[in-house]
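A.B. asks: The lines below spell out each chain.
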Amino acid sequence: MDEFLDQLTKSIPFLRRYAYALVKDSSKADDLVQDCLERSLAKRDQWKGDGSLKSWLYRILSNIHLNHYRQNQTNPLHFPAELTERTPLVPDTDTTSHQLSHLYLRDLDKGITQLPDEQKQVLLLIALEGLSYSEVSAITQVPLGTVMSRLSRARETLRKSTAISSSKKVPPIRRIK
Amino acid sequence: MSRNRFEGSELLHAYVDGELKPEERLRVEQWLETHPDDARRVTEWQKQNQGINNLFAPKADEPIPEYFSPPSKPQHILSDNRTSASILSRIAASFLILAIGIAGGWFGRDYLKNITIDRTATIATKQNFPQPAMEAHWIYTPEVRHPVEVEKNEQDHLAKWLSYRLETPLTIPDLSAQGFDLMGGRLLPSQTGPAAQFMYESKAGSRITLYLTKSFNDEKGETGFQFKQAESTRAFYWYNGALGYAVIGDIKRNELLEIVNDVYQQL
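Protein chains in written order, with the working numbering: chain A, 1 to 177; chain B, 1 to 267.
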């Protein structure tokens, strides 16, 4: 068995998830993954076999994303901006609920899209891909402190972009799910 | 590591992301009990993590498109001398496969489009976007036992699922103020990929549908409401961003327009 190809294949679903969350477009995401796989095959002998292959692949993909997919898209806002401002502010009463309202998810989604790429990568590698801070530090090739400050800034931005929907009281008949 | 690996708010992040050792975790939990502001931040970040997973995690469960399978056999990579050549050829091969896939996709797409345009000259154009929406309305609203695929008691799942398929966060409008209660919804095929239909019913049993599909035009513009009528069925439709919307019912035009306004406000 070829361990490399085996592991490579097993990583594809995770790479596709990460790529999709980064670029929010299925075909662009698959192009990104394809680029990543080709590059990893080409640079195969650079992989020492010591770190996990998955981390190495995340690193390649992250680099391609920064170099080639950097914000050349106009902001793909799915919803007109005024809709987020329309929502009335009502004190929060529902923090314990694990059901996230759809408004919240929408604002979160939009907030993530608008994050600077470096912050977006760090946040997604940690929160979505479940990697440790030190793995992310290796993948993004920045010190742990930088990982943490990017994470912290990303979360603060998202908190602001979801502040309205987050504090919105869900009406008795839930219209937003 | 030293106990000062993380400092200040870093410790809170590390707590949220499971980076702490048990004794550190305990310390943070004790801290949070007496510091409501920090506790609120932690809750917020946990909520963000959960939201990110709600939004994107299902992507990893999708079947992998075939063109990703690494195009090689183990022998190709054995000897150092041949490595570069074989990798190059494999890369060339994978590019070729990709190119064929893309070209096939493109030509296939045009081919399919042409056929559709020929057969039903009116359907494929953007102006006739409400046609499939009305057809879906006619097919499903008379259903007694299976009007919807997913019922309103699974509304959460319905919204998440259809948002995922349409690649856009969807809101299911509440039309109870207009006297129409949500019944549920379904996934449908359309010219531009997956489409979603939500169905509502009045106390009197009249049914209206909301149909959403990805927009044909790439400009992602916004259009005003447009109107179409076929027999007693009326439809208002418009484009907004990545999606085209249609609201369809067998009710009076002004009643339908009120509902449309309500839907638009909520989307």
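Don't read these hints as lab results, they were simulated from the structure.
Quick caveat, the model's predicted, so the values are computed rather than measured.
Treat each hint with caution, since some may be false.
Said to hold, decoys possible - Partial list, computed: chain B residues near chain A (C-beta under 7 Å):
hint, residue
1, H13
2, L55
3, I64
What the hints assert, rightly or not - Straight line, CA to CA, 30 Å or less: simulated DSS-like cross-link-like pairs of lysine-lysine:
hint, chain 1, residue 1, chain 2, residue 2
4, A, K110, B, K59
5, A, K28, B, K47
6, B, K59, A, K24
7, A, K10, B, K152
8, A, K28, A, K54
9, A, K160, B, K252
10, A, K43, B, K59
11, A, K120, B, K59
12, A, K54, B, K160
13, A, K24, B, K152
14, A, K160, B, K160
15, B, K160, A, K28
16, A, K110, A, K48
17, A, K28, B, K21
18, A, K24, B, K214
19, B, K214, A, K110
20, A, K120, B, K228
21, A, K10, B, K59
22, B, K47, A, K160
23, B, K21, A, K24
24, B, K214, A, K160
25, A, K120, B, K252
Ideal Cβ placement from N, Cα and C applies to all residues, glycine included.
A.B. asks: Evaluate each hint against the coordinates.
C.D. replies: Here is what the structure says about each hint:
With its C-beta approaching chain A no nearer than about 6 Å, H13/B sits inside the 7 Å limit, and its interface hint holds. For the restraint placing L55/B at the interface with chain A, the shortest Cβ-Cβ distance is roughly 6 Å, inside the 7 Å limit, so the hint holds. Satisfaction of the interface hint for I64/B is found here, the shortest Cβ-Cβ separation to chain A being roughly 5 Å, below the 7 Å cut-off. Only pairs whose Cα atoms come within 30 Å are accepted, and K110/A paired with K59/B is accepted, the gap being roughly 18 Å.
Restraint check: the Cα-Cα separation between K28/A and K47/B comes to about 28 Å, which is no more than 30 Å; the hinted pair holds. Taken as a hint, the K59/B and K24/A pair is honoured in the structure, with Cα atoms around 11 Å apart against an allowance of 30 Å. Taken as a hint, the K10/A and K152/B pair is broken in the structure, with Cα atoms around 37 Å apart against an allowance of 30 Å. Distance check on the hinted pair: K28/A and K54/A sit about 20 Å apart at the alpha-carbon level, within 30 Å; holds.
For the suggested pair K160/A and K252/B, the alpha carbons sit about 43 Å apart, so the restraint of at most 30 Å is broken. Taken as a hint, the K43/A and K59/B pair is honoured in the structure, with Cα atoms around 27 Å apart against an allowance of 30 Å. Restraint check: the Cα-Cα separation between K120/A and K59/B comes to about 17 Å, which is no more than 30 Å; the hinted pair holds. Proposed proximity of K54/A and K160/B is supported: the alpha carbons are some 28 Å apart, at most 30 Å.
Proximity of K24/A to K152/B is assessed by CA-CA distance (about 28 Å); at most 30 Å being required, the pair is judged to hold. Restraint check: the Cα-Cα separation between K160/A and K160/B comes to about 23 Å, which is no more than 30 Å; the hinted pair holds. Proximity of K160/B to K28/A is assessed by CA-CA distance (about 22 Å); at most 30 Å being required, the pair is judged to hold. Distance check on the hinted pair: K110/A and K48/A sit about 38 Å apart at the alpha-carbon level, beyond 30 Å; violated.
For the hint linking K28/A to K21/B, the alpha-carbon distance of about 39 Å lies beyond 30 Å, and the restraint is violated. For the suggested pair K24/A and K214/B, the alpha carbons sit about 14 Å apart, so the restraint of at most 30 Å is met. Annotation: proposed proximity of K214/B to K110/A holds, straight-line Cα distance about 18 Å (limit 30 Å). A C-alpha spacing of about 43 Å is found between K120/A and K228/B, which places the hinted pair above 30 Å, so the restraint is violated.
For the proposed pair K10/A and K59/B, the alpha carbon gap of about 14 Å is at most 30 Å, so the pair holds. The hinted pair formed by K47/B and K160/A meets the criterion: a straight-line CA distance of about 13 Å does not exceed 30 Å. Taking the CA atoms of K21/B and K24/A, the gap is near 35 Å; set against the 30 Å cutoff, the hint is violated. Proximity of K214/B to K160/A is assessed by CA-CA distance (about 29 Å); at most 30 Å being required, the pair is judged to hold.
Of the pairs offered as hints, the one joining K120/A and K252/B is violated, with about 48 Å between alpha carbons and a cut-off of 30 Å exceeded.
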